[in-house]
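*Asks:* The lines below spell out each chain.
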Amino acid sequence: MAELTYRDAVAAGIAQEMARDERVVFLGEDIGAAGGVFKTTVGLLEQFGPKRVRDTPISEQAILGAAMGAAMTGLRPIAEIMFSDFLAVCWDLVANEIAKIRYMTNGQVSLPLVIRTANGAGSRFGAQHSQAVENWAMAIPGIKVVAPAFPADVKGLLAAAVRDPDPVLFFEQKSLYALKGEVPDGEHVDHLGEAKVLRQGKDCTIVALALMVHRALDAAAILERDHGISCTVIDVRSLVPLDTQTILSEVVKTGRLVTVEENPRLCGWGAEIASIVADECFWDLDGPIVRITTPHQPLPAADQLEDATIPSVERVVREIREKID
Amino acid sequence: MNTTVKRKKAAANEDDIGRDVRLELYRMQVELRYCEKRAYDLFLQNLIKGTSHLSLGQEAIAAAFGVAMRPDDWTFCTYRGHAHTLARGASMAGVLGELMGRECGLLGGKGGSMHLTDVTKGAMGSYAIIGAHLPVAAGAAWSAQYRGTEQVAVCFFGDGTTNIGAFHEALNFSVVWKLPVIFVCENNLYMEYTPIGSVTAVEHPAADRACAYGLEKIVVDGNDADEVYRTAVEYMGRARKGGGPALIEAMTYRHSGHSRADPAKYRPEGELDRWLERDPLKIYRERLLGLGIVEATLKDIENETLCKVDDATATAKASPPPSLDAIAKNVWADGGAAWRN
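If you read the protein sequences in the order shown, they are chains W and S. According to the numbering used here, the first sequence is numbered sequentially starting from 1. According to the numbering used here, the second sequence is numbered sequentially starting from 1.
Do not rely on the hints blindly, as some may be mistaken.
To be verified - For each label pair, taking beta carbons as the anchor points, the in silico distance ranges come out as:
hint, chain 1, residue 1, chain 2, residue 2, range
1, W, 305, S, 337, 35 to 45 Å
2, W, 139, S, 299, 54 to 64 Å
3, S, 240, W, 21, 37 to 47 Å
4, S, 150, W, 22, 10 to 20 Å
5, W, 265, S, 150, 32 to 42 Å
6, W, 296, S, 334, 12 to 22 Å
7, W, 265, S, 51, 31 to 41 Å
8, S, 323, W, 321, 51 to 61 Å
9, S, 147, W, 2, 50 to 60 Å
Unchecked claim - Only pairs whose alpha carbons sit at most 25 Å apart, straight line, appear in this in silico DSS-like list of lysine-lysine:
hint, chain 1, residue 1, chain 2, residue 2
10, W, 51, S, 317
11, S, 49, S, 317
12, W, 100, S, 49
13, W, 180, W, 196
What the hints assert, rightly or not - A few chain W positions that, by computed beta-carbon distances, are all more than 12 Å from chain S:
hint, residue
14, 63
15, 95
16, 96
17, 287
Keep in mind the hints are simulated off the structure, nothing from the lab. C-beta: ideal position from N, C-alpha, C; glycine also.
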């Protein structure tokens, strides 16, 4: 095991796949010579050369269109959209083209491509560079949606996404880039569609994603230590495919479900999980399902305001104490 | 840089193209015309539902490129894509069957008129969101460049597409990466109902923008199959050898409205009649007769094509509707639609 940052795990995952398969190519804005605006792709241009690591103009439609055209003709591209907010300017490619062409052509076209993007709040960038938009992607049939919380998952799930025959939107939480963690040595490939139980408890099951996984773990430790509330914490990791079996089986054990979501309230991914749990294990629940989300509003920039807007450890502790205790 | 390129026309009656290719150009135009007229008849019989966008009057462009392209080249076209898909050799019964929502359709009834695709023939899809497929064609061209296959991607679109962002992104991107992609603007003078000239800053919506991307200004007579064919051969050949993209504006006119719902009453009186005089099939038939090809040869092509259309129609009509099992198939590469365990 080597210790890597979440940031370095991105480059490690891409490098592992590019070294293995020369059909893997990488394109995006400032990804090559500059090594990425978040320095997530440092060294790839030097290692794989300008034919495979290509800087693009600021043209998100061209980036995703090129990835799609390349994928349908035999390459396995990785495209970077610098901030997930920018998906809005190329959403046609995601929602109408990439997600639908296999279905519309009755399976004639395969799109083994990955769209990587920096998602989420915590960097004081304001309303257009901080959104958590994984729920936008989850609403579109035909695209897989992955959001890792730990460096090992960044590398392993990114490798799995590159090898997957379907298009994958890969959300990296930008305030986790400095996080360090153990990453297995040698080739590391994970599986899409598997949630992970990170902590077992008996009173409540907390389901979280990306940055919120860390908040949930910290809250669970405080709840246990200071309040005698014992929580299971599940890292969803992949919204599509969704590992409902892991979630349902843990909720049955604790009788309570709490989702912790960074996306704004309406139609956040937690609503879908709440709906599934209500449908399929309602009689195992001991009380109402609790959704802890960012309020349904744009994000402010100032540090005090941003911190008070997205779910904090303190808020998770407070809401669980109020509603579960 | 040339300011206007219409030089292909000057040689129109010279025999540089050859009898066999010319007969194929004629046959292809006849096939596209007859098949789309049949599609229109099937609408009137309510055998085709939904919408449909015909290329009647614009066949020379799809036909000429179809004949000029290598079998492993790629076509990307729009929702007005019946002709371009047929011109790559896609099954006519598959096209009509798809329009009729039958099991034998190219897409098993799941795509419909606006998404005709036959990957086995290099027909890489018909795209129904304006502009979307220009960057996709660039991506295919990137793949050809990367693998060194000398394949070319040809991307057809209408005049209205030149005012959307994806057009400009794709052009700049393709030039910077020197990609083997040919962008073909079929300027039929109307975006949908509105004349393109009334919403565009320049006279030639595609060609007048070419200089912004360091490209040659190319305007051709899109109703003259020879002129389009020569242009296609020249610029595809150049792209194959690493010469980069081209943007070709082909002037043409659709004989019918934008879609089946449109009677095209917005057109000034007499405009259609003037363009019917310039019907690509009429022009080409007269040219072939002038070159000494006998009437009987052309009649044979027309009769054989009509039989082909009749056969395809019968096959499509005989095909059952798709099985309801098809609904949940092919969302994912595993063939299914599961999003959870």
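*Asks:* Given a hinted range of 50 to 60 Å, is it respected by the beta-carbon distance of residue 147(S) and residue 2(W)?
*Replies:* Distance hint for residue 147(S), residue 2(W) is violated at roughly 35 Å.
*Asks:* Is the Cβ of residue 287(W) more than 12 Å away from each Cβ in chain S?
*Replies:* holds, 24 Å
*Asks:* Would you check the hint for residue 51(W) and residue 317(S), treating anything up to 25 Å between C-alpha atoms as holding?
*Replies:* Cα-Cα ~50 Å, so violated.
*Asks:* If I claimed the Cβ atoms of residue 139(W) and residue 299(S) lie 54 to 64 Å apart, would that claim hold in this structure?
*Replies:* holds, 57 Å
*Asks:* Range first: 12 to 22 Å. Now tell me if the beta carbons of residue 296(W) and residue 334(S) are that far apart.
*Replies:* Given a distance of about 36 Å, which is not inside 12 to 22 Å, the answer is violated.
*Asks:* Assess, step by step, whether the Cα of residue 180(W) is no farther than 25 Å from the Cα of residue 196(W), and give holds or violated.
*Replies:* holds, 19 Å
*Asks:* Using the beta carbons of residue 150(S) and residue 22(W), state whether their distance is inside 10 to 20 Å or not.
*Replies:* holds, 19 Å
*Asks:* Does the hinted range 51 to 61 Å hold for residue 323(S) and residue 321(W) at CB?
*Replies:* holds, 54 Å
*Asks:* Residue 49(S) and residue 317(S) were given as a pair; does the straight-line alpha-carbon distance stay at or below 25 Å?
*Replies:* holds, 14 Å
*Asks:* Does the claim that residue 63(W) lies off the interface hold, with its Cβ farther than 12 Å from every Cβ of chain S?
*Replies:* violated, 8 Å
*Asks:* Using the Cβ atoms, figure out if residue 265(W) sits within 31 to 41 Å of residue 51(S).
*Replies:* Given range 31 to 41 Å: holds, Cβ gap about 38 Å.
*Asks:* Are the Cα positions of residue 100(W) and residue 49(S) separated by 25 Å at most?
*Replies:* Given that 25 Å is the threshold and the Cα spacing comes to 21 Å, the pair holds.
Of the numbered hints given earlier, the model fails hints 3, 5, 6, 9, 10, 14, 15, 16; all others are met.
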